[in-house]
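Listed in order, the protein sequences are those of chains A and B. Residue numbers are given in our numbering: position 243 of the first sequence equals residue 243, and the series is strictly consecutive. So the mapping is simple: our numbering equals the position in the second sequence, first residue as 1, plus 346.
To be clear, the hints were calculated from the coordinates, so they are not data collected in a lab. Every value quoted in this text rests on a predicted model; they were computed, and no experiment measured them. It is possible that some hints are incorrect.
As the list claims (entries may be wrong) - Partner residues aside, some chain A positions facing chain B, computed with beta carbon under 7 Å:
1. His76
2. Asn79
3. Ser80
4. Ser87
5. Leu94
6. Met99
7. Gly255
Just so you know, even glycine gets a beta-carbon here, dropped at the ideal spot from N, CA and C.
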Amino acid sequence: MATSSAPTPKVNRLGLQVLDYRGGKTTLCAGCGHNAISERIIDAMYEMGVQPERVMKLSGIGCSSKSPAYFLSRSHSFNSVHGRMPSVATGALLANKNMLGLGVSGDGDTASIGIGQFVHLMRRNLPLIYIIEDNGVYGLTKGQFSATADIGSKLKSGVINDLPPIDTCSLAIELGATFVGRSFSGDKKQLLTMLKAAISHNGTVMLDVISPCVTFNDHEGSTKSYKYMQEHEEAISEAGFVPSFEDISIDYDPGTTYDVEMHDGSHLRLRKLHDDYDPTDRVAAVKALMEAHANGEVLTGVFYIDPHKPAFTDMLNMVDDPLATLSEERTRPSKKVLDEIMAEHS
Amino acid sequence: MGHTFTIGIGGAAGQGVATPGDIFAKIFSRRGLHLNAYNAYQSIIRGGHTFLTIRTGADPVTNMGDRIDLLIPLNQDTMDRHLGLLGEGGACLYNADTIQPGTHAEGVQLCALPVSTLADISRNKVAQNTIAIGAAISMMGIGFQSLEDVIREQFGRKAAAVADENVAVARAGYDYATQNFRPFARPLPMSDNRYAVLSGNTALAMGGAAAGVKFYCAYPMSPSTGVLHWMATHAREAGIMVRQVEDELGVVNMAIGAAQAGVRAMCATSGGGFALMSEALGLSAMAEIPIVVIDCQRAGPSTGVPTKTEQGDLWQMLGAAFGDYPRVIAAPLDIADCFTLLAEMWNLVDKFQVPGLVLADLLLSEGRLSVDPKVLDFAPHVDRGEMITSPNGGPGEGGYKRYKITESGVSPRAIPGVPGYTHVVASDEHDEDGVLISDMFTNTHKRRAMMEKRMRKENGIAAAVAPPKLQGPADADVTLIGWGSTQGVIEEARALLAEEGITANQLQVRWIVPLHGEAIVEQLKNAKRTIIVENNYSGQFARYLRSETSFVADGHIRKYDGEPFMPHHIVEAVREQLAGGVTLSVPVHEIMV
Ligand SMILES: Cc1ncc(C[n+]2csc(CCOP(=O)(O)OP(=O)(O)O)c2C)c(N)n1
Ligand code: SF4
Ligand SMILES: [Mg+2]
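So here's chain A without its partners, still in its complex pose:
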């Protein structure tokens, strides 16, 4: 008797299928940029072979901050409060440094209510992937301008934004994040490559991903619409990624391409598309961002990277085991220590 065997499903290096990285069914609007970002996160985690249980998803409040429910169901998730995810993430990763932190925020959650927490997070270089799903509006509260909206951009109602935007990438570069880039939810290849490189990085990765809000900010006059991005996106470099576990040597031209060896041995290859592009030069990166903005372009790609700077958790003289799983005897100062402390007080 002939048996027809079903085709064996594709698996990654852990033997897991893409399915194992999926999440719940999205409740966001059809066409919302945030959904595309969720898909890329699934792909990146699958392709990199990350154990889902090792991931801690963290978010604030907003449509974007809801999206962790729609990927990586097998991972732990913490929806904190509006604008406070940076400190929740800091506490969580200090208490358990073995987890892979993945923070998802919105432009309102980060640049409006959460800007204070955001800038301090960037200073820490905490090992965390911090994604801003940036649509220039508060989607969840029905489309008011956020602090990343460009001056002069227009709401459907005709209201014009009268304040300049906060560029979260310039801020992050200036403050100490060690992997900073911008992408577009509609640019599958670039976003996926950047996310895979992000997973390999040890330190704060800050990715501002333009993610159009189809319901409130995708019309003529918006600078965060699909159309605007298609017309104005300008990549600073073309990114390629070779993970450490794929021992493939691809030739590249060192004259035109930067090869960045990541913390885990992977390679990020950045082919120059702009003169003077140097992803290790912070001043040049901020200059390029400002110039592009002045020219009405939305610059994307990896702007700045420093794979060598020690991450926050590596600088704090912590015990090897995560604090969260220390045994009870180890969670209290020893008798000797306490006796010494007491002697000081008598």
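Here the structure of chain A is known, so what remains is to put chain B with the ligands in place on it, guided by the hints.
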């Protein structure tokens, strides 16, 4: 309380008031004496006026008392402000080169120290202080060696030459006093007991460490900063992750992040910082992540009086964060209790997965008290409640439900990273699995069930905490009701009233939530006259007690000038109220500090 002896030392900030204070504290504690120290000061780094009161005795000394026996003014201002406090038998030691005494009571010994002839003041800037300490030790009937030991310790072996010089200066003061001044009538006693001298902030920090706190973060704010300092100094040896964070929003959320990862995480602040933390207390309650937040109250509102005490944050704490949620609130009764309370608080909040709030105040935080080391249990029982930290065979049929509806309202809590137990933690209302029900799928039945599940924890919390007990004679003439840090001063006022033939008992409340209102009313129902004593303007506790129980006290004693109660304030107010006509007394703080 038996006989006590009190020293008052005052000067401008920066003149070195603290050092003599530390030296006296060490000497008293090494004689096996109890002590209580309180520093009245201003929010200024140099200048202003600082007045330190150290009271000692063979029995526990619960408060700063009413009387000063020895005044050491380091400047004219202190002399002018405080000389009047000395009564018959008291003495004042002062630098005759720079300070003039003023009018004083009968029987006060004015002890002029010729500082510039006793020491080379061009070389030793604090010579007047050191000479005064030496002279004081002599008049108290203490051998010089005790002082010499402390001075040498203070300078350490490295600075032996400087130590020698200071010992010589102290000796000059000691000998001068022995020859020229009358010693105090009762030399200081001695005992074989040994006590540790702690500030409330140190006690709070050490109590946290003993309870297994592994994560502490804070933004500096007086009077809570001492907790941060202790933690930062001892982080390494005690194995605690200590972070200074950009603001209190960051502080409390960082603590919550660490706590959800599985550690005991704590933070301390004062009223202004606590206001910023309100939002996150709701998160702690909703996500059922236990944390402990300490509020060291200072006089408010707003920036208020940073260096002055008050019990004015009670309603802020009761009203912190919106919505209904279970939590625990406790006010430590004294500095030793700052230590002991923390282990109890931690076990409760871990067991019930709720925020725990500690309502301390400046009087406790910055005051110092001798504490019997026996009270300081460094290995208290630790109960982390139902926690899942390893897969252990997995959650079984139906999978793991983080917010499982249970009779007690408590659902076993898995920490992140345990295979088979991953889940969603959310500030939005959620169902048993942690899935959000707040926005699009609001389900009234689920919402109600989750609300009731969380609130059911209140029953368990109430059962785990004992109601307060009436202290003193059951049929007393007057019942004094206090909460938190007023325990000691009310106790002493009761003893003083008894000497006048007025019997008083006391109900001191330590657990604010749960309050046990019925038990309180039951104990008060036969009281002849009830008076609530508190360090605030509006009678915050009186209003709370009334709102919870309908109980209305006969009278109130309130103080909101920034300084703590002294026993005579309460005694005089009780006397006044017993005489009739008065139901609200606001004692005047006589000393301007
Ligand atoms: C303290 C507080 N203020 C206001 C809100 C209401 N609110 C919820 S989400 C949001 C804005 C979200 O904007 P963004 O982060 O850009 O997310 P998006 O929905 O656009 O993805 C606001 C104002 C809130 N939840 N909490
Ligand atoms: S409102 Fe905008 S941001 Fe929110 S889900 Fe819809 S499209 Fe996305
Ligand atoms: Mg937005």
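Proposed interface contact between A:Met99 and chain B, which counts if any beta carbon pair is under 7 Å: Holds. Min distance 6 Å.
Are A:Gly255 and chain B close enough, Cβ to Cβ, to be under 7 Å, as the hint says? The hint is violated - A:Gly255 has no Cβ within 7 Å of chain B, the shortest such distance being about 44 Å.
Restraint satisfaction for A:Ser87 [CB to CB of chain B, less than 7 Å]: A:Ser87 check passes; min Cβ-Cβ to chain B is 4 Å, inside 7 Å.
Interface hint compliance - A:His76 to chain B, C-beta minimum distance less than 7 Å: Since chain B brings a Cβ to about 4 Å from A:His76, closer than 7 Å, the hint holds.
Hold the hint about A:Ser80 up to the distance rule: shortest CB distance to chain B must be less than 7 Å. Check passed: Cβ of A:Ser80 comes within 6 Å of chain B, closer than 7 Å.
For the hint on A:Asn79, just tell me whether its beta-carbon gets within less than 7 Å of chain B. holds (4 Å)
Given A:Leu94 as an interface hint, is its Cβ closer than 7 Å to any Cβ of chain B? holds (6 Å)
Checked against the numbered hints above, the structure breaks only hint 7 and satisfies the rest.
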